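We have chain A; now place chain B onto it with these hints.
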Amino acid sequence: MSDRENEDEKLQTGQTQKSQRTGSELGIGASIGKQLKAYYDDVASEPVPDRFLSLLDALDQAESASKKNRE
Amino acid sequence: MSVEFDFRKELITIIPNLRAFATSLTGSFDRADDLVQETLVKAWDKQHTFQPGTNLKAWLFTILRNEFYTQMRKKGREVQDVDGIHAMQLAGHPEQQGHLDLQDFRKALDLLPDDQREALVLIGASGFSYEEAADICKCAVGTIKSRVSRARTRIAEILGVEGDGDYGPDSISSQIIGVAPAA
Chain A
1 MSDRENEDEK LQTGQTQKSQ RTGSELGIGA SIGKQLKAYY DDVASEPVPD
51 RFLSLLDALD QAESASKKNR E
Chain B
1 MSVEFDFRKE LITIIPNLRA FATSLTGSFD RADDLVQETL VKAWDKQHTF
51 QPGTNLKAWL FTILRNEFYT QMRKKGREVQ DVDGIHAMQL AGHPEQQGHL
101 DLQDFRKALD LLPDDQREAL VLIGASGFSY EEAADICKCA VGTIKSRVSR
151 ARTRIAEILG VEGDGDYGPD SISSQIIGVA PAA
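Protein chains in written order, with the numbering used here: chain A, 1 to 71; chain B, 1 to 183.
Next comes chain A alone, as it looks inside the complex (with noise of 0.2 angstroms):
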């Protein structure tokens, strides 16, 4: 019974630490909204890549020989 209460103890001081830097959110909404942005991140922080600079590239081109052929 003591071996329980030691338990729910410990289990008890890891939730506070977990939700002291989150002030009033619950722990398990800020560690969902971390892992949300690490998920996000992990495509975002990636460099552009060459095909999207090569397209626009193209767009811009193909727009500036419509001008000139309609000048």
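Please keep in mind that the hints were generated in silico from the structure rather than gathered at the bench. Because the structure is a prediction, the values reported are computed rather than measured. The hints are all genuine.
Taking lysine-lysine and the DSS-like style, the derived pairs with C-alpha atoms no more than 27 angstroms apart in a straight line are:
1) Lys68(A) <-> Lys9(B)
2) Lys57(B) <-> Lys138(B)
3) Lys37(A) <-> Lys138(B)
4) Lys37(A) <-> Lys57(B)
5) Lys145(B) <-> Lys34(A)
Computed footprint of chain A on chain B; a stretch qualifies when at least three of its residues, placed anywhere within it, have a C-beta under 8 angstroms from a C-beta of chain A:
6) 9-18
7) 34-44
8) 116-127
9) 145-159
Computed far set for chain A versus chain B, every beta-carbon distance over 10 angstroms:
10) Ala65
11) Lys68
12) Asn69
13) Arg70
Built from N, CA and C at the ideal position, the CB exists for glycine as well.
Leaving out everything else, chain B in the frame of chain A:
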């Protein structure tokens, strides 16, 4: 023309965000980049309709989202049908092998209904306000709020059940250290 040059430059700064949002919508890195490509072509064609001084990021996200749902309708298949395939594709992506600790979260995110997932990503990761997210999704601010709230609850349930034991403070902090760039 200098105005067009600026448009191009601004566009490039937003591409990383477009890719991340597209990944969350499609659940596939390859499909995400195809979607971003379509979005850039569309945005370029209608750049004259963009009002300088307004939010270009929100404007681009709206185009990307519209393009995504238009494609889904054309293919005549519901986004829900690819649940599970999403997670498998992401799990199998070679670049993601170093981020195995994110896989449980990816799977949980993929189990959400599309409207809840996009609301959660727009608010929780893309940095939009509830008002901006409501504009992008063409719904009321209150709708976005309730979708985000339901999404959070659902993810907590999924991770609570499926990720039991791996979901302690230790695994989360190691995940943050492993993923976030050292500031």
